[in-house]
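Colleague: Listed here are the chains, written in short residue letters.
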Amino acid sequence: MTVAEKKIDKSLLEAKKHPMDDLLRWDRLPHVWCSGCGLGSVLSCFIHAIANSGIPKEKFAIVSGIGCTGRASGYINLDVFHTTHGRAIPFAIGLKLANPKLNVIVFSGDGDLFAIGGNHIIHAARRNADITVICCNNFVYGMTGGQLAPTTPIDAWSSTSPYGNVEQSFNLCHLVYSAGANFVARWTSLDARRLQESMEQAIKNKGFSFIEALIPCPTTFGRRNNYENGLKMLEFFRDNTIIKNGIDPKDAEIRLGDKIVVGKFIDKPDQLTLDDRLARITKKSHE
Amino acid sequence: MTVKKSISFIPPEYEEQEKWQLKIITDRCKGCLFCITFCPAEILESSTKINSKGYHPPKLKEDASMDDCAKCGFCELICPEFSIFLEKLDDSGAKT
Amino acid sequence: MSKKAPINDVLTGEHYTSGNEAIAEGCLAAGCRFFGGYPITPSSEIAERMSQRLPQVDGVFIQMEDEIASIATVLGASWAGKKSMTATSGPGISLMMENIGLGAITETPCVIINVQRGGPSTGLPTLVGQGDVMQARWGSHGDYEIIALAPNSVQEAFDLSIEAFNLAEEYRTPVIMLTDESICHMFEKLVIPPKSQIKLKDRKKPKGSKKNYLTFQPDADMIPPMAVVGEGYNVFVTGLTHNEKGYPVIDAETQEKLVKRLCDKILLNEEKIRKTESHKVNDAKILVISFGITSRSAKGAVDLAREKGIKAGLLRLITIWPFPTKLIESLAQKVDAIVVAEINNGQIIKEVKEAVRKDIPILLSSKLGGSVHTPKEILSKIEEASKK
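In the order they appear, the protein sequences are chains A, B and C. What the first sequence shows, in numbering that gives the first Met the number 0, is residues 0 to 286, in sequence order. What the second sequence shows, in numbering that gives the first Met the number 0, is residues 0 to 95, in sequence order. What the third sequence shows, in numbering that gives the first Met the number 0, is residues 0 to 387, in sequence order.
Next up, chain A with everything else stripped away, as it sits in the complex (with noise of 0.2 Å):
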């Protein structure tokens, strides 16, 4: 199909093969995600920063549970697992467990990690376990058709709360952070240099990581509460974004409509791990 247009053809030249690919399934690409939605682009700095961590490939295993955020392990090309809803964590512990040499990284959507699995989150950070947790923050429950989660901002729409939402939402940093996580970054899928920066770091950080990536759910979320598609949050993050690195992150607020704070808030290298201590017992129990 041609349109009347100068003699220059202006497309861009087609490949048959994504530089990322062999770091993903490429042959179950495109992916189940709606146009817009922000998970794609938390993905792709992802592999970026797998690519770039310089982590040899096989040492990793990507566990995931329930949601649209939960298919991500199914697109990448590494040891994946796509396990029950919030359950993801405890799974991460017992392979980090069994085998301290993985790196073990969690990626999973708000809901699944801190409504069903808040309480395997806030364990995972007291006991200081060595894995890496990524939650994509959509604020709803995005696959399941747009229903209330924990995250969902006070008086907002979803499918469950049509009069408006009458509980406050949880600020994950805070929570995740008080639980006692030493790595606490929140971005927007928007700033994607600088959380696939955090992603990286956090890959490679001994302890307990956690990034929340912000992101937008147009088809769920977003266009019944004024953001009618992936574009219009996004520029939102852009206008309305602030970034605060090393503050508190009780005082990082998600205001939708608003402000959002955004840095990176916690980073508290070398303390000792679960499996550290583990391994001291092991040793004790010899003598």
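Simulated from the structure, these hints should not be mistaken for lab results. Any given hint could turn out to be false.
Chain C stretches covered by chain A per the calculated footprint, using a threshold of three residues with CB under 8 Å from any CB of chain A [stated by the list, open to error]:
| # | region |
| --- | --- |
| 1 | 65-78 |
| 2 | 106-117 |
| 3 | 154-166 |
| 4 | 233-243 |
Straight-line alpha carbon distances no greater than 20 Å define the calculated PhoX-like cross-link-like pairs of lysine-lysine that follow [claimed, not checked]:
| # | chain 1 | residue 1 | chain 2 | residue 2 |
| --- | --- | --- | --- | --- |
| 5 | C | LYS352 | C | LYS333 |
| 6 | C | LYS204 | A | LYS58 |
| 7 | A | LYS249 | B | LYS87 |
| 8 | C | LYS209 | C | LYS264 |
| 9 | A | LYS56 | C | LYS352 |
We put the CB at the ideal spot given by N, CA and C, even for glycine.
We have chain A; now place chains B and C onto it with these hints.
Modeller: The following block gives chains B and C in isolation, referenced to the frame of chain A:
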């Protein structure tokens, strides 16, 4: 992995040494407009073509060329579909 | 057993110990090197012993925040290559059910000890029950098969722990040990053989190139070789219905293929897996079927019946699931009545009734939890059956 980012101002005597090309796997594109909207050099726009899923993939603007591209790789990083990417070619136009 | 055990995985020798400790030692002897659990009466002693012994054999013990986390941890550890287990009781198994289903569909070898107590709900935390038999088989949603074993002595608790791990590794399935509070808290003699005499089985390893490895491609025996995480096999493990690559495929054809294979790999091997013990069955006219602690009283009842001239015999089930349907069907042809003795409101008896084709009376000798049958109680049911 070598850094894709390069300075956007390239002195004339170095212009010939680095050739970059924006590429796309057209059928992966879902027309989200992220690359177009957030390109810092603003050289992309939606084309009128449609891919096999019915979306309009991006193309270079009429008055833009790869010389205007900042080679920052932001479109590649933010593309949710692993569709658009920046590739470095050597002087002969072949892939390095 | 003294608290300061030597640093060996197999404590060869004669011991006087409880069922719980025997199970812990049995699992260690079987090669278990990971325990993820949560305390619950009457199984806590297993966790306590494992917390002491596992570091000594370079294993890992972790107490998780709840039973759901425990079973998830166990599945993860199994994929990382360790033989892993947990121990709990009825309420904990109820919590674990979703992930037991995950273990079944992802074919993850692991062992789950259920020290049964009186139920339902909180029930009788410190007293015996046998009411979790059906739950072991049907507890999780959807169609799947499970292997469940029931010891009736401290020695057998040790032996069956090893058997449980071997079955889990061979058939790539969660295996539930349906023991009970009486067996686990009683003290008896335990003889642990030398390590060289203990036969262990390990999961099939993949052959061929890593690039061509398909996570769930079964061999002719319906069981896929299992790769270990961290070696470049790029496994794809999902709880969604999946094809041989492990990729989720949401359609009826894939579901048929996968679920049929998961069930058949156990059902079609029922005779291989089955373990029973017969006592005076050959010329019996009244067959008593029992398992676990009840079978000890049943044996006494059978002997008392014989003294009274009633030709009774005992079939003790050691494998509860897959249920030995064919065996019971063939035994039923030769007897005039069957008595099923169990500490619940009638669970095994349902399977027995389904297995038996002949029109003979099948009576239930039940106690609902908290105490074990006396031989006289079972004897009275045998007498009642003989009059019919």
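Colleague: Hint by hint, say whether it matches the structure.
Modeller: Checked hints:
no.	hint	result
1	65-78	holds (count 12)
2	106-117	violated (count 0)
3	154-166	violated (count 0)
4	233-243	holds (count 7)
5	C:LYS352 with C:LYS333	holds (15 Å)
6	C:LYS204 with A:LYS58	holds (19 Å)
7	A:LYS249 with B:LYS87	violated (44 Å)
8	C:LYS209 with C:LYS264	violated (25 Å)
9	A:LYS56 with C:LYS352	violated (55 Å)
Against the hints set out earlier in the document, violations occur for numbers 2, 3, 7, 8, 9.
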